[in-house]
Structures are given as C-alpha cells and as structure tokens.
Amino acid sequence: KAGVTQTPRYLIKTRGQQVTLSCSPISGHRSVSWYQQTPGQGLQFLFEYFSETQRNKGNFPGRFSGRQFSNSRSEMNVSTLELGDSALYLCASRLGVGAQETQYFGPGTRLLVL
Amino acid sequence: DQQVKQNSPSLSVQEGRISILNCDYTNSMFDYFLWYKKYPAEGPTFLISISSIKDKNEDGRFTVFLNKSAKHLSLHIVPSQPGDSAVYFCAARPIYSGAGSYQLTFGKGTKLSVIP
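Residue numbers (my numbering), protein chains in the order written: chain A, 1 to 114; chain B, 1001 to 1116.
Among the hints, erroneous ones may be present.
[Said to hold, decoys possible] Here are the computed lysine-lysine pairs in the DSS-like style, where the Cα-Cα straight-line distance is at most 25 Å:
hint	chain 1	residue 1	chain 2	residue 2
1	B	K1108	B	K1005
2	A	K57	B	K1054
3	B	K1054	B	K1071
4	B	K1108	A	K57
5	B	K1108	B	K1056
6	B	K1111	B	K1056
[Said to hold, decoys possible] If the Cβ cut is set under 10 Å, some of the chain A residues that face chain B in the computed set are:
hint	residue
7	G42
8	Q100
9	V113
[Claimed, not checked] Not close to chain A: a few residues of chain B, all C-beta gaps over 12 Å, as computed:
hint	residue
10	R1017
11	T1026
12	D1031
13	A1041
14	E1042
15	D1055
16	E1058
17	T1063
18	F1065
19	H1072
20	P1082
21	D1084
22	A1091
23	L1104
Think of the hints as simulated: they come from the structure by calculation, not from any bench. Since the model is a prediction, treat every value here as computed from it, not as a measurement. From the three backbone atoms N, C-alpha and C, an ideal C-beta is built for every residue, glycine too.
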C-alpha cells in the first residue's frame, strides 16, 4: 500500500505571497492532519480533516487554512506569507474510525519564505 | 506551556548498548502515547505506541514503558544499532470521544547518535 504523499517537496516563496500544499493520504484513510515543524517549536498541530470537515484547529492565525476533498485528499493554504512561516509542513493520515489509531506521516513539504 | 517534554536534546550510545529516551507529560487527559523516529528530510516514522491502560509494550528491539503516576514514559532500544541514529519524538493524544478530533502533542525530540 502506498504511503502518504505530499507535493511539492520543496518550495520557495517571497513574503506576501500565498502557497498551497497538497497531501494524498494512505488509501482508505479518511482523516488527514497537518503539522508544522520548525527548529524552535518542534512539531505543532495545525488542523485535522475528516470526511471533508475540519474537526480541530491548532493555535495558528487565520492565514493558515485547509480543506479536504471527497477522495480524502487534502490541501493546506497559507496566505500573506511571512518569514516565520518557513518550516517543514507535514501531513499525516489515519483510518479515522478507531479510538487508538496510529497516524502515518508523509515526507513533508519544505517551505522557504524569502 | 509545553505539555510533552523531552528534556534531553541529544543522547550518544555505543553500538550494542541500551538507549533510553525519556519523555514527561503534564496533561492528565493524555491516554495514548506514541514514539516516532525521524531522519533528516523525511517525515516521522511510527515506532511504537502504548495505551494508558498498560505499563509496557514491546516490539522487537523497542520497548515503551509508561508510569502514569509519574506522568513519564521511556523508550528502550536494545541493542542499539548505528541505523537507529535519528531524532526521536514522543507524542501524546488526549482521551478520544467518538467523533472527536485526534490531535497529537509532540515533544521537541531527542537526537540519538549510536556510535559504532
């Protein structure tokens, strides 16, 4: 079974631009979560989607948004990019039906904001 | 306020010896704990998990111990191998309630170096 895939793997943007990142979960997985990893803050939860609905959102500004499609693929959008948005953005998927499930991560998208 | 803490940023161990990585948490609502391993330029890879109803879970060379009263868990790797050199993250998830969300809170990681 193919793992979680994320595109693009690397991205360079300038301040003020916007960016869209894509995530395809493991086949059959209905839940997709997004995390931001920075050297200072570690991995921080952004949001989770299940059946096209956002279930939970972390403590990030409204510039960070996401959505999920009917095939469970998810996109994350960051508008008005700031230098501090430079990070590794990780997507994770799970089945979404059990109380104690494992989340499986993709390789991440490395975003550099100049 | 950091709810999951990995107080050792780095750890060096000789090949063949035991590696012990520690993790402390403060939130009493956490009931499921996971360890992930991460290599540079890759996403975290799931290693092992433990439910709060257990105090030990073993999978091959990896064993996780949970001490609920101390709010402490540890990952033991025996024997350690050079390929184990990576950053290890401890993660915790609060009590799940049906259709509720699943949000992992991570520690900042411990970089393990296994010396040949």
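Verification of the supplied hints:
A distance of roughly 7 Å separates the Cα atoms of K1108(B) and K1005(B); the hinted pair therefore holds under the 25 Å criterion. For the hint linking K57(A) to K1054(B), the alpha-carbon distance of about 29 Å lies beyond 25 Å, and the restraint is violated. For the suggested pair K1054(B) and K1071(B), the alpha carbons sit about 13 Å apart, so the restraint of at most 25 Å is met. The hinted pair formed by K1108(B) and K57(A) meets the criterion: a straight-line CA distance of about 20 Å does not exceed 25 Å.
Of the supplied pair hints, the one linking K1108(B) and K1056(B) holds, its CA atoms being roughly 23 Å apart against a limit of 25 Å. Of the supplied pair hints, the one linking K1111(B) and K1056(B) holds, its CA atoms being roughly 23 Å apart against a limit of 25 Å. Look at G42(A): its Cβ gets to within about 4 Å of chain B, closer than 10 Å, so that hint holds up. Using the Cβ-Cβ criterion of 10 Å, the hint placing Q100(A) at the interface with chain B is satisfied: the shortest such distance is roughly 5 Å.
Restraint check, V113(A) versus chain B: the minimum CB separation of about 19 Å is more than 10 Å; hint violated. Every C-beta of chain A lies more than 12 Å from that of R1017(B), the closest at about 27 Å, which supports listing it as non-interface. The beta carbon of T1026(B) is kept farther than 12 Å from every beta carbon of chain A, the shortest such distance being approximately 15 Å. Taking the minimum C-beta to C-beta distance to chain A, about 8 Å, the non-interface status of D1031(B) is violated against the 12 Å cut.
For A1041(B), the condition that its CB be more than 12 Å from all CB atoms of chain A is violated, with the nearest at approximately 8 Å. Residue-level check failed: E1042(B) sits 6 Å from the nearest beta carbon of chain A, not beyond 12 Å. Taking the minimum C-beta to C-beta distance to chain A, about 16 Å, the non-interface status of D1055(B) holds against the 12 Å cut. Annotated as non-interface, E1058(B) keeps its C-beta farther than 12 Å from every C-beta of chain A; the closest such distance is 16 Å.
Annotated as non-interface, T1063(B) keeps its C-beta farther than 12 Å from every C-beta of chain A; the closest such distance is 17 Å. With a least beta-carbon separation of about 18 Å from chain A, F1065(B) lies farther than 12 Å from that chain, consistent with its non-interface assignment. The beta carbon of H1072(B) is kept farther than 12 Å from every beta carbon of chain A, the shortest such distance being approximately 19 Å. Chain A leaves P1082(B) outside its interface by the beta-carbon criterion, the shortest separation being 22 Å against a cut-off of 12 Å.
Non-interface call for D1084(B) relative to chain A: holds, since the shortest CB-CB distance, roughly 18 Å, exceeds 12 Å. Look at A1091(B): its CB is around 8 Å from the nearest CB on chain A, not clear of 12 Å, so calling it non-interface is violated. Not every CB of chain A lies more than 12 Å from the CB of L1104(B), the least distance being 6 Å, so the non-interface label is violated.
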